[in-house]
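Heads up: the sequence lines are chains A and B, in that order. Each residue of the first sequence is one higher than the one before, starting from 126 at the first, in the working numbering. Each residue of the second sequence is one higher than the one before, starting from 126 at the first, in the working numbering.
None of these hints come from the bench; they were simulated from the model. Where hints are given, some of them may not hold.
Remember, identical chains collapse to one label, so a pair may be satisfied in a single copy or spanning two.
What the hints assert, rightly or not - Below, a list of computed lysine to aspartate or glutamate pairs in the DMTMM-like style, where the Cα atoms sit at most 20 Å apart: (1) Lys-246 <-> Glu-163; (2) Lys-166 <-> Glu-236; (3) Lys-246 <-> Glu-189; (4) Lys-166 <-> Glu-242; (5) Lys-166 <-> Asp-207; (6) Lys-246 <-> Glu-236; (7) Lys-166 <-> Glu-234; (8) Lys-166 <-> Asp-150; (9) Lys-246 <-> Asp-205; (10) Lys-166 <-> Glu-138; (11) Lys-246 <-> Asp-132; (12) Lys-166 <-> Glu-196; (13) Lys-166 <-> Asp-132; (14) Lys-246 <-> Glu-190; (15) Lys-166 <-> Asp-137; (16) Lys-246 <-> Glu-138; (17) Lys-246 <-> Asp-207.
Because the structure is a prediction, the values reported are computed rather than measured.
This is what each chain is made of:
Number of protein chains: 2
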Amino acid sequence: MMTTWLDTVGWDERGLVPAVAQEADTGQVLMVAWMNREALKLTQQTGRATYWSRSRGRLWVKGEESGHVQEVQEIRLDCDADVILLRVRQVGGIACHTGRAHCFFRRLEQERWVEVEPVLKMPQQIYSVNERS
Amino acid sequence: MMTTWLDTVGWDERGLVPAVAQEADTGQVLMVAWMNREALKLTQQTGRATYWSRSRGRLWVKGEESGHVQEVQEIRLDCDADVILLRVRQVGGIACHTGRAHCFFRRLEQERWVEVEPVLKMPQQIYSVNERS
Chain A
126 MMTTWLDTVG WDERGLVPAV AQEADTGQVL MVAWMNREAL KLTQQTGRAT
176 YWSRSRGRLW VKGEESGHVQ EVQEIRLDCD ADVILLRVRQ VGGIACHTGR
226 AHCFFRRLEQ ERWVEVEPVL KMPQQIYSVN ERS
Chain B
126 MMTTWLDTVG WDERGLVPAV AQEADTGQVL MVAWMNREAL KLTQQTGRAT
176 YWSRSRGRLW VKGEESGHVQ EVQEIRLDCD ADVILLRVRQ VGGIACHTGR
226 AHCFFRRLEQ ERWVEVEPVL KMPQQIYSVN ERS
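With the rest of the complex left out, here is chain A:
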């Protein structure tokens, strides 16, 4: 079998790597999720960020239920070949399943985690069924 770009990636013992999604325009780090080989291949082929949901044990096209898909502009790989960085356009401006723009809404302040980002849309208005992140 021919070696492909997918073989360069250093999949962990579960066959996964972490993937960072970053908003292309603003540089905001939106979320970190996991990819397996198939998820990365689909991300490249479809131009839509596709992850491996560890909790659900299946492929997960980000936004498949909410409509908040991520259009992928660039796929990067790090020096150790075990982390993916996606530069994306976040459709709907909401990356987080809590209805916030991104998932990193808790900031450490004097040894307490403080929620510092507003909920833009209530999750029950986003999801008919329950999608995570």
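Fit chain B to the supplied structure of chain A, relying on the hints for placement.
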């Protein structure tokens, strides 16, 4: 024992979480490494990004050999409490052990990984001994 902010973090079965370091000024994602409880605590206490080196099996103050430390301006936690985001000032402007500004120097172009970021300083000029990332 009192519950602390460190207990909120969802450490994995190895006691680790991934940590994304982002340059505060530019938004550039510099690197992703791993933290254990002690690494995160030290990061908060010292204001210098401290990770857990899986390859060396020890705490690793980023830049301890190269001088390319990361001054931490903000520590964030994601919705699932299992990813840390650090906003940092990267001293020396070089985050990657390859001598590049950041670790994500390979871009996917037509199913090939292409190195698209210049080496700013040769690793042998950076390290007396061998430090990774």
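Open item on the list: Taking the earlier hints as the rules, which of them does this structure contradict?
Closed with: The structure breaks hints 1, 4, 6, 8, 11, 16 and 17; every other hint is satisfied.
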